Amino acid sequence: MSLKKLCFLLLLITAAGCAKNNKTFTLKTIRLDDYRHNTIPAQGLYLKIYGDPAAATLAQTASYPSELTLPAVFTVSPALPMTLYKNACTVQLWGETTGYISSCSVDMHAYKIVFPIDMEVKSDSLDISLQGSWQ
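Mature numbering (1 follows the signal peptide of the UniProt record, and there is no 0) puts the sequence shown at residues -19 to -1, 1 to 116.
Read the hints as simulated data drawn from the structure, not as lab findings.
Any given hint could turn out to be false.
Claimed, not checked - Simulated pairs of lysine-lysine, DSS-like, Cα-Cα distance not exceeding 25 Å:
(1) LYS103 - LYS29
(2) LYS9 - LYS29
(3) LYS9 - LYS103
Only a predicted model underlies this, so the values are computations on that prediction, with no experimental measurement involved.
All chains, full assembly: derive it from the sequences and hints.
This is how it looks when you write it as structure tokens:
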């Protein structure tokens, strides 16, 4: 492949990635990779998604037994359309017995991903991956 074609291809990919600013990302699944769990009893774990931590829940996942291995993939219900580059959101991990466990914020102003089909987000106590598609 010639250098000219390679440069054109890279320019095209970069332009397509930068065009995501006004697009809607539909969050379909969240993969729970790890969380800090010192003395949490065996229970069902689930995730809640908030646009603003003080506001109502935008979406929630089904439950997953904490005694099973990670990573675990949770389906977001309903599939959540989000304008990631305009608004931050918060993903919180909850336990059916203990309640709130941990959270992490997804703020796209902190970094820019060209194709966030599988975007990893971490905090001190929670490690997740957001998965979805652009519309």
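Status of each hint after checking the structure:
no., hint, verdict
1, LYS103 - LYS29, "16 Å, holds"
2, LYS9 - LYS29, "13 Å, holds"
3, LYS9 - LYS103, "18 Å, holds"
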